[in-house]
Every structure is written in structure tokens, then in C-alpha cells.
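2 protein chains.
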Amino acid sequence: MTKSTKILLSENEMPRQWYNIQADMPNKPLPPLHPATRKPIGPEDLAAVFPMELIKQEVSTERYIDIPDEVFDLYKTYRPSPIYRAIALEKDLGTKSRIYYKYEGANYSGSHKANTAIAQAYYNMKEGIKRITTETGAGQWGSAMSFACHHFGLELLVFMVRVSFDGKPGRKIMMNSYGAQCVPSPSNMTAAGRKILEADPDSPGSLGIAISEAMEIAVQDPYTKYSLGSVLNHVILHQTIIGEEALRQMEKTDDYPDVVIGCFGGGSNFSGIAFPFLREKLVNGRDIRLMAVEPASCPKLTKGKFMYDFGDSAGMTPLLPMYTLGHNFIPEKIHAGGLRYHGAGVLVSQLLKDGFIEAKAKMQRECFEAGVMFTKNEGILPAPESNYAIAAALDEARKADLEGVSKTILFNLSGHGHMDISAYQKYYEGNLPDHELTDNEVIEALAGLDFPD
Amino acid sequence: MTKSTKILLSENEMPRQWYNIQADMPNKPLPPLHPATRKPIGPEDLAAVFPMELIKQEVSTERYIDIPDEVFDLYKTYRPSPIYRAIALEKDLGTKSRIYYKYEGANYSGSHKANTAIAQAYYNMKEGIKRITTETGAGQWGSAMSFACHHFGLELLVFMVRVSFDGKPGRKIMMNSYGAQCVPSPSNMTAAGRKILEADPDSPGSLGIAISEAMEIAVQDPYTKYSLGSVLNHVILHQTIIGEEALRQMEKTDDYPDVVIGCFGGGSNFSGIAFPFLREKLVNGRDIRLMAVEPASCPKLTKGKFMYDFGDSAGMTPLLPMYTLGHNFIPEKIHAGGLRYHGAGVLVSQLLKDGFIEAKAKMQRECFEAGVMFTKNEGILPAPESNYAIAAALDEARKADLEGVSKTILFNLSGHGHMDISAYQKYYEGNLPDHELTDNEVIEALAGLDFPD
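Taken in order, these protein sequences are the chains called A and B.
Everything in the first sequence is counted per my numbering, starting at 1 for the first residue and increasing by one.
Everything in the second sequence is counted per my numbering, starting at 1001 for the first residue and increasing by one.
If we strip away everything but chain A, and leave its shape as in the complex, we get (with noise of 0.2 Å):
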């Protein structure tokens, strides 16, 4: 009956900048190439893209860059977040190892997808941007810049990939209400939809798929920019808030985490809070391990090829040097949308390529079962997505007793399930399929790709 502890940190103990992991890679990562030249691209080619400050942070090398203080105060309104050590989890698992999670779902959003939501609708507005158009795999992304987009004063329009539009309809009347507009992809909008739309009339949609007709819109106007919620290194530099508090409340333990997990779609979440740990490794020779886990489904890290790969589905992107699994891979429907994309961001596929991280696929089924238990004992209904970095939480701890020591593990709850109840009535009703990509549909997936490695 000991409850879970909390630990706190007062907001002046709140980081004021976030950290850019490119400043301490041994190995750089290559650059984006232009699709058609196969020649590297400079800012200039992302200008119709994104405003110049995020651009500018794409490639910077800069170890720190500042938080402004517009953004840092919406920080506040829900930052730092907690950890709570996992008392009851333990207890309940019958561990010897201490479990501490991070949680990112008490903010408006339900997830970290606000750290970036705010930061991005920020610079744009400074630009003097007027409208942005984005995509969303599970509706996180999409709800955290909804009320981002109207807080600072832009509109905004969100392609939802159409699996998750119809099976969360929670989500769009969330975006509706910040007064964003919500609509299912593929739709017949944009050239790279209908094409899809003719092909399959049916097609459950992608990440992929939904952010070509992101960009598609965006490039049409220029007072209307694209915003991307994983993947690209300005993204994953405003997630590092994460892992700078985490790193500030493990100081507070005595304790000091033996491995850090996070959930893995295009990267986000897990670099969030990955990342400023894998500094103190770098830099101070501290000792750890980091693991991103991944569906089975759509196991690009741990199946997938290192090679330049469009991040769209439609090739409008410039071509990035990262695991994927191809461009034109359509992941099976599971619950954790937000994890259903190709590819794997760029900062994460050198660092795994460099063996400075870890990655684990996970099947559907026991990250649930490892989510029910997790509720059970905390109280907080995950999202199906953070699912995945609970089951290898456990994993962590069962081994360690296999093993007879003891470990401290550390994982980021990234959002609440709140949305994502009929997932979870399926898997109590039996109905929650299991699927795992097998090497010969990797191999199929990546026919005909003729990038480089």
C-alpha cells in the first residue's frame, strides 16, 4: 500500500534552454539531399517549408539554444511535470529494481507534444506566418497545436491519418474546439490524397501519406507554413525540456537511472528525454543505457534499413539519412497511431547506427497488458502509445531479478489513454489483434528504393 512518490521540481529549477545533441555526436549526421540533385540542401531549400528561426535550429550545432520567454511562459502553465517513482509497480512486479516515470500527459494537450506545439507556433508567429497546415497520427500532435495555433494568433488546418480520425473522434472535437480545422487523410484536398484515394478508396492512411498533403498545402501560399510534430531536429530539441528536468529530479533521488525508455514512432518522445542523459554519457562518461521501443508492426529500428529515405509518402521532402522501412509503408492499424510511421529521425538513426542507443519492438497485446497493470497500480491511463516503453520497463525489471541485481529504470509516460478508451475495451474483450512485421515484408517494403545508404 505505499504509494507511488512524487518528485518535484519548483519552476525556478526549470531549465531555460533546451540542448542540441548535435553539438557532442562523435559522428555528424549526414546531410538532407535534394531528391532530384541528390545534392546536399541548405536552409534555403526549406524556406517555403518552415520559418528561418526553426530552420536555423535544424542545423545548428550549438550545444544550448535559449527557451524564449513567450514560450517559457506556457511552459510554466504545466511544466515541470512530475516523476513519480512506480512504488506500487514495483511492489505488484515483485521487483528488487526501482521504477521511475516521467509524466507528460497532465498538460491540455494529454501529452509532450506541447513542448514543441508551443515552441513552433511561436517562431512561426514571429515570422509573421498566418496559417499552418500539419498532419497527426493519433491526434496528440494535432490537439497540442491546435491550441497552440490559437494562442498566438494562427490558423490552422490538420490532416488526421483516417484510421485514427475514425476510430478517435474524441480528438477532432478537441482541435474543433482551439478552433482548428480536422480532416481525414488521405482526403481528396490535395493531389498526393486523391492519388492515394484512387489507388485504395479504403486506405486506412499513414503518417507518411498525411504529411505530403501537409506540405502540399503549406507550399501553395507564403503566409502559410508546414509543421512537423516528431522526426526533425528542431522538433527533438524542444522535447530535450524533458530530460533536462528528468535529469535535475534524478539529482534529487540519490539515485541514477541504469536505462532510460521511451516509446518510438518518429522519435520525439524518446529523444525528449534521452537525449540530455546521453549528453551526461558523451560528455561526462556517466554510464547508461537507452532504449527506444517500437511496434512490432512497424519495426523500423530494429528491422528497417539505414539508407536516405523520403519522410512523406508522396517524396516531397528532401531525402533524410535515416532506418526506415520505405516511404510507401503502410503500418497495420494498431492503437498506438502515433507510432504508425516509416521512418526514424535522423539524430536517432545515426546515434543507433553509432551504437550510442538501443532499440526493442514490442507486440501490441502485452503492451496493453503491461499498460493495465501499470493503471492498476498508478492510477494514470496511459496512451496505447506509451504502452510500449511500460512493457520494456518491465522487461528491464524482470531481467534484473533473473539476473539477481537491482536497477534503477527510467521511462517517459508521454500522454494520457483518456481518447483511447475503445483500445483498451478491445483488449479486455479479446478483440486487439497482434501483428509482426517478418523480415520478407521489410523486404518487400523496401523494394525498388534505389537511395543511398
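No lab work stands behind these hints, which were simulated from the structure alone.
Do not take every clue at face value.
Listed next, with one range per pair, are the computed distances between beta-carbon atoms [unchecked claim]: (1) B/Asp1069 x A/Lys252: 18 to 26 Å; (2) A/Thr5 x B/Ala1036: 27 to 35 Å; (3) B/Leu1449 x A/Asp92: 19 to 27 Å.
Straight-line Cα separation of at most 35 Å, DSBU-like style, residue types lysine-lysine; simulated pairs [to be verified]: (4) A/Lys96 x B/Lys1126; (5) B/Lys1056 x A/Lys6; (6) B/Lys1056 x A/Lys252; (7) A/Lys6 x B/Lys1130; (8) B/Lys1126 x A/Lys6.
Since this is a predicted model, take the numbers as computed values, not measurements.
All C-beta atoms in this analysis are idealised placements derived from N, C-alpha and C, irrespective of residue type, glycine included.
With the hints as your guide, set chain B onto chain A.
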């Protein structure tokens, strides 16, 4: 674009005692009566239903009651809750007044109900009870109690008002996730439920019916007790942690509320925030208005009669002196399921009668309109119940502006609306009905009740 500011308390500033307004009421509440003898009942008459420590709290006239360490430890996992100054909302409204809200929705259960659920589960566990039965309207209370019972090792059976059970399937799944059983009420499990179903197989249910069912099960077994989520003195006692914190938070602002507002079902969230401020008025003479806001479709405070009545539909509770619409009244199926109760708690009723608090009834659509305006500016999506407090807060600000004055307004944002998205959808689609109980309908509802005034 100025964002609302957060007013925090540190953990060591948290109140360690609940406040019992019975100590300071000029007119003490009338005693509960035995329905057969119509004589005041004693603590022993309640022993079949509640554990002794809660019965003692029910009748206590001690001003302060210590919060047990085990309860305080759980409180600390989500308390102190923040107060926000709603600067964005103020700007959108164009008011000169200052609007503050205390947010009780960021905890596991999504509402203030956790504050008493934890306390009630704890005291039952201490007295060796194995199983609890309870009612729930919108499901906030049932969710809160489910986790609290699991935490303290108790079984829980929840009777959920059918209209909410059908309209909000998510809450049942949530209760199941915490290991509780949840059945729609009226049910075939009890004589009280069967009687209602015989008369009307399509009965939407009511809190009064669900209470009868839960009590009927509880009294059959000495190791099973009943637990109520509102109305009673001990429930309201536990909720005063809200107002005690709010007082300390307002002290940090150099500001002090002219009016404190809460939505009103049985009285727990309103009383929780209001009573500590009322103490400051009664004991220290600090001027303040305290306003309870109820649905126009269930207006016991503004149109009901002050008299003895049952707390439940089947007449299993003692007779309580309260404002009531009659224990057989079944309110319209509004989305604020937590406000669909025929009576008002004894303490609030006496204080309203004596002129220390005021009451107001509001229509459903206007409350959702206020809630949507709040969401857009403040980010948080409120529970339909909380929308009644928001609407009244906007009224107060507008009235002050008309009068050319500036007021300080504090309301309790009792919970989030993540499980109520379908109600918001109906609002957006223009399908949200309005209903105001007429004077004639009130007379009809009260007809035939011959209880003493």
C-alpha cells in the same frame, strides 16, 4: 497572448487538516430522523452502512480534523492542485475583472472526487471492511473510488446511472481497469432496481435510485459497507482540502475573491472550495459571496423545498433536512450527470436557508458555450458539470463590467471532460437540448411528500 499564470503551493504548505464547518455554523444543522419513528437517529443507526470513523466525522463539531498520514501520502501524489489566473479568458471576454480557477482535474480520476474517495477507502480498510458498494452519476466518483479501493485492498461494486452508463462507456472501462465491477442502474441485482424497472423498463436511472441499490447490497453483509460520493457531511469535510489550499494560494496573489463559485450536484465540490472561505467570513469577518450553480433542469436550491426527505429513491436513508425536489424526482438526461440529484447536502441546505450562500440555476447550452470559450483560451476541456461554474463566473464578470467595477472571481474547475467528448460533439452539432423545470413540475415532483419541514 498573455497566458494565464499558475499559482502553486509547495508540498510543505499543504494543509494537514480538513475543515469542519459544523463548528462555525450559527444555526447547526437539524438532526437526521429515523423514517419510521421520525426521531433523531444516533451513530449506531448508521453503523450497518458506514465505518465508525466516518460516522464520527459526520456528526463531529470539531473545527479541524487531522488528515491521516496514509491519506496525506496519496494526496501528495496529485496535490496541491494549481490555481490559474485565466488571463487569456479575461482578455477574450474584455473584462476588467480577474478570474481565477482551481483545477481539480489533473489527478488520476480526473476530478475532485479523489479527495474523499481516498479518505473513505482508507477508513473502511482500517476497520476491516472487505468490500464497498457505491453509486456514480457521470462516473467521476466511480472512477475515483475504484482506484482508491484497489489501492487499499478493497473490492468495489459501482451502480452507474444508466443514462451515463450508456452515454459514457469509457468510465466503465476505467473502473474495470482499476479492478472494480460497474453495472448500470436501475439493475436486476436489487429489489429497489427491479421495482423501478417493472414500472419503466427504459428508466434512465438517477443518483437516488443508484444509491438505493448500493445501500441495499451493503446492508446484507457485515464486511460490506456503502460509500457516498457527495451530500454527506464527512464527504464535504474531505473536500475542504480544496478551499484550504485555495485560501493559501490566494494569499500569495495580494488578491482575494469577491465571489467563490462551484457547480452543484450534492454539494461536495462547491462546499469543498467554499467552506474555508466561509469560515473566514464567519470567524474573521472577511466579506465574500459564495455561489452554488445548478442545472435549470434539476433546480433544488433555487426551486426546491427545504424539508426532510430521503437521500435515495427507495427510502433507505435516514430523513435528511435539505432542499429537495422529492426523492422520486428523475431529472432530465442532461450531460452533467454528476448534477442530476434531487437533493442538496444538509450543510449547504442550512447555510442557504440562513442566507450565507447563494444559488443560481443555468441552462445546459449556455453552460457548454461558456465551457467552449474557456477551452479555447485556457486549453483545458472541462467536464460538463464544471461548465456550470464557468458560465456563472462569466456572468459575474459581465455584470461587474456593466456596473463599471472590477471583481475578483474564483471558481472550482472540478474535472476534465475527456470522457464527455460526445456531449461536446452534440453541442457543436446544435443537438444539445435545453430544459428548465417549471414551477408546476416542481409542485408535481413534491406532491404527496408529507415529511416535516
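Margin query: Checking each numbered hint in turn, tell me which of them this model violates, lowest number first.
Written below: Structure breaks hints 2, 3, 6.
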